[in-house]
Amino acid sequence: MARPKLPFEFLVALRFLREGRMQTALILLGVTGGVAVIVFLSQLISQLQATIIDRVLGSQAHVVMRPLEEANQRALNDPASIAVIEPRAQRLRSIDQWEAMVKLAEAQPRVVAVSPVVSGPAFALRGRASKSVALMGVDADRYRRIVKMDGYMTRGTFHVEGTNAIIGIELAKDLGVTVGDKVFVRAAGGRDELLQITGLFDIGNKDLNRRWVFTTMKLAQSLLDLPGGVSNIDITVTDIFDAQDVSERLQAGSGLTVDSWMTTNSQLLAALRNQTVSNNLIRSFVIVIVALGISSVLVVSVVQKQKEIGILRAMGTSSNRIMGIFLLQGGLVGFTGALAGVGLAWGLLQFFSSVYRTGDGAPLFQPQLDTGIALSAALIALVVGVLAALIPARRAAKMDPVQAIRA
Amino acid sequence: MTAIVSLRGLRKSYGVGTPVETEVLHGIDIELAEGEFCALIGPSGSGKSTLLNLIGLLERPTSGDLAIAGSETAGLKEQALTVLRGRHIGFVFQFHHLLPAFTALENVMMPSIIEQGVATADAEAISRDLLLRVGLKGHEHKKANQLSGGQQQRVAIARALSRSPRLILADEPTGNLDTHTADDIFALLREFNRERGSACLIVTHDPRLAARCDRRIELVDGRVAHVSSA
Ligand SMILES: Nc1ncnc2c1ncn2[C@@H]1O[C@H](COP(=O)(O)OP(=O)(O)OP(=O)(O)O)[C@@H](O)[C@H]1O
Ligand SMILES: [Mg+2]
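For the record, the sequence lines run as chains A and B. Here the numbering used here is used: position 175 in the first sequence is 175, and no number is missing along the way. Here the numbering used here is used: position 172 in the second sequence is 172, and no number is missing along the way.
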């Protein structure tokens, strides 16, 4: 055995920890468990939230501009019922000067993609089957940056021209058609057209797989009796949580009705927010409990080590260095526990991601650990360890060396 | 001859400002010369340990002057006292007071580790040599509590000597050892005192050992009652 290599404070802190085996093991277990719970929960919740948001936004534009809704205000002269607003019967309308509106949207900061869409209700007919669908006239190059259709295609590519159409797999099944077959589409106004199916998509949402029929803008305009017009403008923004901001500015700038996904899904957002709040609550409790654990074990250790502290003082150790030794013990326990805790959380993630799967067998969440979450948990544990050691360390520093030596 | 320890009118009270305030030392005047080998004797409760702790800068006197190696200690801050203690004073206590988590060698090196911040090769060489001198070759890597009482006291002496202090304070270093072992330990202290010139102040209840010192200072009820030279 060679002479010890560590600096004095480290050497003594480590030996003290090693000497108090059972205590050290217990306190480490506590920190490990606490950190694992925090990391695991945070990881799980952030992943689940990301997955939910991903699913929601997988088939939805971040921001949508629509014509101003016409509304009749009933009994205008009755102030009591002024808030009762009744929309008129649905009638497709175009956005006035939509090209200018597209330019306006494109000029906004934080806007990534803009796609005008001609959409409206129609029926898809084949043989005796008749299905209600939503006609979506798009410019494929623009629209694929709103909804990532390329990733959803099961047959063919996301590309529309002439009288070609791309439909969802559910509609294809309902009508008994596939790529190469023809479908008759009739719009509400009575105009109709025979479309050639060139692609199938599966967007991960049965309802949309059953309803969406993509064609060119031109074809949709003529079927829906909307010559040269578009019914809405879809927009993608850089950060999904900027959507509300961007939408409010666009509303002010355009005078159109502009909605972000955050208003259309406000209940979901509120639920996610509540989840985050309860997660933070759990985290705070765990941190406080871990801190109390470290603190109480070290307080006991200071009393037990009274004699050693006295000896060290008699040999020329200042009270500040004694304090350092105990702070270091807190930090070491916190840090080691954090490493073990992150490891345990990783193990838990592996285990639960293999146990819990979605209906179609895919894991409910990914077993990867976010380095940011792991690092911040480790850092918090280190800081909490040192802070928790503060009271015991000050007690140790104040200890009268003579008291210890006389005993 | 210069004095390593110089006390003038040293008083110590406990419980100052409380109803149970008691003065334990009532004005002590002592000088200890460099290299002197001196016994501190007296009945139990006469204040021997208290005096030793004051000289060792572990406690502060209530009044009076105390100089160590020529430095007056009255105005010094705790930090400065710690430095002075580390540099000049080695302690040997009655109950060995080794660090149980460390080996014999590490215990001997500890004063140097405290001063230098880490264990140096020099310190290791000096400590190994000291353990050899106190007859503990082969026991270097035993934990302190794996050694017998006499062996532990030898380690404590080696530790007190490890930085060649100018003053060694020993409070009943042979107090709980059998006569034979006590003689060995005492002989070791005497040997190092002659060899290195470290002054020793030894509290002892054993008249045989006291008789073998250069000088005997007797405390009775917190006062110097008698001083005799060999
Ligand atoms: N912290 C303290 N508070 C109050 N009184 C104290 C304290 N420490 C020591 N005393 C008292 O001071 C007196 C001297 O004690 P001290 O330990 O110096 O005696 P001693 O000569 O070393 O005795 P012994 O030979 O038994 O070791 C005793 O009466 C003791 O009760
Ligand atoms: Mg005593």
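Each hint should be verified, as a subset may be incorrect.
What the hints assert, rightly or not - Under 7 Å between C-beta atoms, here's a sample of chain A residues computed to sit facing chain B:
hint, residue
1, Pro7
2, Phe8
3, Glu19
4, Gly20
5, Arg21
6, Ala187
7, Arg191
8, Glu308
9, Ile311
10, Ala314
11, Gly316
12, Thr317
13, Ser318
14, Val402
It is worth saying that the hints were derived from the structure and are not from the lab. As the structure is a computational prediction, the values presented were derived from the model and not from experiment. Where is the CB? At the ideal position from N, CA and C, for every residue including glycine.
Violated hints - listed by number, lowest first: The structure conflicts with hints 4, 5, 6, 7, although it agrees with all the remaining ones.
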